[in-house]
Each structure stands twice: as structure tokens, then as C-alpha cells.
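Letter by letter, the chains look like this.
2 protein chains.
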Amino acid sequence: MPRTHHTERHFTASETVRDIVIGMSDGLTVPFALAAGLSGAVASTAIIVTAGLAEIAAGSIAMGLGGYLAAKSDAEHYAKEQRREQKEVAEIPEEEMEEVAQVFRAYGLTTEQVAPVVNALSKRPKAWVDFMMRFELGLEEPKPERARTSALTIGGAYMAGGLIPLFPYIFINSAQEALLVSIAVTLAALLIFGYIKGRFTTAKPLRSALETALVGSLAAGAAFLIARAIS
Amino acid sequence: MPRTHHTERHFTASETVRDIVIGMSDGLTVPFALAAGLSGAVASTAIIVTAGLAEIAAGSIAMGLGGYLAAKSDAEHYAKEQRREQKEVAEIPEEEMEEVAQVFRAYGLTTEQVAPVVNALSKRPKAWVDFMMRFELGLEEPKPERARTSALTIGGAYMAGGLIPLFPYIFINSAQEALLVSIAVTLAALLIFGYIKGRFTTAKPLRSALETALVGSLAAGAAFLIARAIS
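Chains as they are written, first to last, in the numbering used here: chain A, 1 to 231; chain S, 232 to 462.
Some clues are possibly wrong.
Per label pair, the in silico range of CB-to-CB distance [claimed, not checked]:
| hint | chain 1 | residue 1 | chain 2 | residue 2 | range |
| --- | --- | --- | --- | --- | --- |
| 1 | A | Glu140 | S | Ala277 | 47 to 57 Å |
| 2 | A | Glu91 | S | Lys435 | 55 to 65 Å |
| 3 | S | Ser245 | A | Ser14 | 21 to 31 Å |
| 4 | S | Lys357 | A | Glu91 | 28 to 38 Å |
| 5 | S | Ala358 | A | Ala203 | 22 to 32 Å |
| 6 | S | Arg430 | A | Ile192 | 38 to 48 Å |
| 7 | S | Glu246 | A | Ser14 | 21 to 31 Å |
| 8 | S | Ala310 | A | Glu94 | 36 to 46 Å |
| 9 | S | Ala310 | A | Glu91 | 34 to 44 Å |
| 10 | A | Leu206 | S | Arg336 | 36 to 46 Å |
| 11 | A | Glu94 | S | Pro356 | 26 to 36 Å |
| 12 | A | Lys204 | S | Leu456 | 39 to 49 Å |
Stretches of chain S that chain A covers, calculated by requiring three or more beta carbons in the stretch to come under 8 Å of a beta carbon on chain A [stated by the list, open to error]:
| hint | stretch |
| --- | --- |
| 13 | 265 to 276 |
| 14 | 279 to 285 |
| 15 | 295 to 305 |
| 16 | 406 to 415 |
| 17 | 448 to 461 |
FYI, nobody ran anything at the bench for these hints, they're computed from the structure.
Bear in mind the structure is a predicted one, so any value in this text is a computation, not a measurement.
C-beta atoms are modelled at their ideal positions from N, C-alpha and C, and glycine is treated no differently.
Input sequences plus hints: build the corresponding full structure.
Next comes the structure, spelled out in C-alpha cells:
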């Protein structure tokens, strides 16, 4: 069995795919549900389109900028912990060597068995710090451009997803009729998106398609009932 | 220096705190921005309250159920990779031993230095699989109740956050006046929430407070301008 093959089997979705999934899951669901909800309360599609576009603007900025700040905060957290480990490796090496040993003792290894690894790491401070970051703290080094790319991808995916359920309300005057078209278009989009998402993240794309459509339907149903109850 | 002290310094936010942050960040921002946006387009607070409550219902269900499905999918991914590692440890142990060695060679260690660890792990298949899950694949074992707790926490936090900016529109008849009160109340809430979030996730609570308020203001400003432009 060739090595490359073996490595590739452990496929995990790339960060871009994950960002698109984050943005589009909510983008297809919330503006759809809001428009459906308002269809139960108002007859004019003008207000539904206004509310829908305002929601898409708010949602894409909130999710995109939120993602940006979260990624920046991750990067700062990593840098801070890295400086701390560098300091400790230099100032209290015995204690840090003991921490390396502890990582392995959690897997039932004895102090003697891990001694060669502990000693070898203690002679390479840079690799030692990297090792502690990943294996003691479980932190991965964030990529530098990550925050900006992530923000634009999440925000763009939210906007793209949110415009799909809103289109019928722009071109059809009756809110009730637009709602029916919006439901058909959005359910199709949710099924396709859920299927593709399932192909990337799990081995069950059909179940993912149904689950994604179900979440959208439940959100829209709840919004519809609430809007109708109070109007 | 006592050990417990040393361990505690590497503080990371608990999963519950993270879920509350996820739900409340969007909950305080999107319904606030939607209501502000509609205030620029309609005079009646009744429609703003209807749209706001519909959005809160849709958003909390979409985020809560979305979180539930994501956590379930993580748990399934972990279980699947675990079965794969168990199979490989049993069927192709030499290749798996080589993979353990590879993990360490990435840190500049030699095959001889890691041999005792590789050999010791190969005699404890359960610990070996656990080791591969964490150190080769970088996966943490998800807690069993995680999906349900996470869904309820995220959805509840979204709902709690979303009701704050909406209250003024319920009690004040003029949309313009309600908007001013909503801005004051929500900015205060965003600053407090951002500060507390900053205490948990970074060392800079004041900057976090300002950033969180800025995201909310930008989202609301964009929603307001878009709604006013099309109405």
C-alpha cells in the first residue's frame, strides 16, 4: 500500500469549505425563515424585501466580522501561549521536561520509555516549544491571512445564500404567491447544499441533505407561526 | 512553584462559555441591526416587532439546530476515524508504528530516540489508538451530551441577546424614538458582553468591548442604509 494513499484517506474539509458551510447554512436559513414569517403577517412584498435585505446585510457583516475577530483572537492566543512556552523552556526547563513526560504518561508510558524523547527535545528549544503547543495545549498555528479570508468567505456565503429565498419576493407582487415559490426554490437549494456539505464533511450526503432542509423548514415554520400569532 | 498553579495559567474558555459567546454575539447584533434597518424604512413599530421576533425564532433555531448537527457530525467523524485506527493497529501494526515515529520526526527526533515510545505504545493497543487520534489526527473525543447541550445553549443565548434590542420597540410607539432607546440599550449590552467575552477569551477585555460594539454598529448601520435606500 503506497504511503500517499494511506495519508489521503483521513480527509477533512478544508478551512475554505468550512467557512462556506458556516456562512451558507445560516444564509439560506434565516433570511428564508424571516421572509416566510413576514408573509404570514404582511401582504406587501416591499416590506419583506426591505427586511430581507436588511437582514442579509446585518447577518453577513455580523458573521463575517465576527469570524474575523475570532480568527484574530485565536492568532493572538496562540502567540501569547507560544511566548509563555518559550519563556518556560528557557527559564524552568526541568518543569517543562516533566510536562513532556506527563503528556506520554497519560498513555501509560513509563518515565524510562519517554526519557530519550524528553532529552532529545530539551536539546532543540524551537522544536520543543512547537511540541508543547500542539501536544500539551492542543493548539494549531493559525495561518497569517486566515482572518481576512475567513471573514470574506463567511460573509459572501451568507449573502449568496440569503439572496436565493428573497428573489421570488422581488419579482412577485403577492406575498402568498412569492412565499410558495420561495419555499420551493429554497428547499431545493437546502437539499443541494446539504448534499454537497455532506459529501465534504461526512460519508452520508443524503442524510445531510434531509437534515439541512429540515433545519430550514423548522426555522421558517417557527418564524411563520410567531409572526402570524402577533400580527 | 506549585504544580496546580502552573497548570491553571493556561486558561481556555469552557465549551459552555464558547457556546454562549457564539449565540449572543449574533443574537445581540442581527436582530438589533434588522430593527434599526426597518426603523429607517417603516414608521410602525408593530412590523418591526413582528420581523424582530420572527428573526429571533429563525436565528435561534438555525444556530441551535445547526450547532446540534455540527456536534453530532463531529462525534460521528471521531467514531469513524477511531474504528479505522483500531483496524489499522490490529491489521497493519508496522505501518502504524512508522506513523507514530513520523509524528516525532516532524520535531527533529531520530528513529532511535523514539523507538522506546513506539515499542511501548505497540504493546498497549487502546492507548495506541488514543495516541493516534490525538497526535496524528489532532482529534479530541467529543463528550456524549455535547450536541444537545450545545444546541440549547447557543439557541438560548441567541434568543436572550435578540430580545434586548427589541424591547424598546414593544413599549414605544414611535419607531424613531424606539430606535434611539434600542441603540443606547444595545450598545451598553454589546460593551458589557464584549468586556466579559474578552475576560474569558483574551487578555484585552476593553478592546474586546469596543470591537464587539463596533461590529454591532457596523451591521446596524449597513442594515439601516440599505433599508432606507430601497424604501
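Here is what the structure says about each hint:
no.	hint	result
1	A:Glu140 with S:Ala277: 47 to 57 Å	holds (49 Å)
2	A:Glu91 with S:Lys435: 55 to 65 Å	violated (25 Å)
3	S:Ser245 with A:Ser14: 21 to 31 Å	holds (28 Å)
4	S:Lys357 with A:Glu91: 28 to 38 Å	holds (37 Å)
5	S:Ala358 with A:Ala203: 22 to 32 Å	holds (27 Å)
6	S:Arg430 with A:Ile192: 38 to 48 Å	holds (42 Å)
7	S:Glu246 with A:Ser14: 21 to 31 Å	holds (24 Å)
8	S:Ala310 with A:Glu94: 36 to 46 Å	holds (39 Å)
9	S:Ala310 with A:Glu91: 34 to 44 Å	holds (42 Å)
10	A:Leu206 with S:Arg336: 36 to 46 Å	holds (41 Å)
11	A:Glu94 with S:Pro356: 26 to 36 Å	holds (33 Å)
12	A:Lys204 with S:Leu456: 39 to 49 Å	holds (43 Å)
13	265 to 276	holds (count 5)
14	279 to 285	holds (count 5)
15	295 to 305	holds (count 4)
16	406 to 415	violated (count 0)
17	448 to 461	holds (count 9)
In summary, the structure is inconsistent with hints 2, 16 from the numbered list given earlier, while agreeing with the others.
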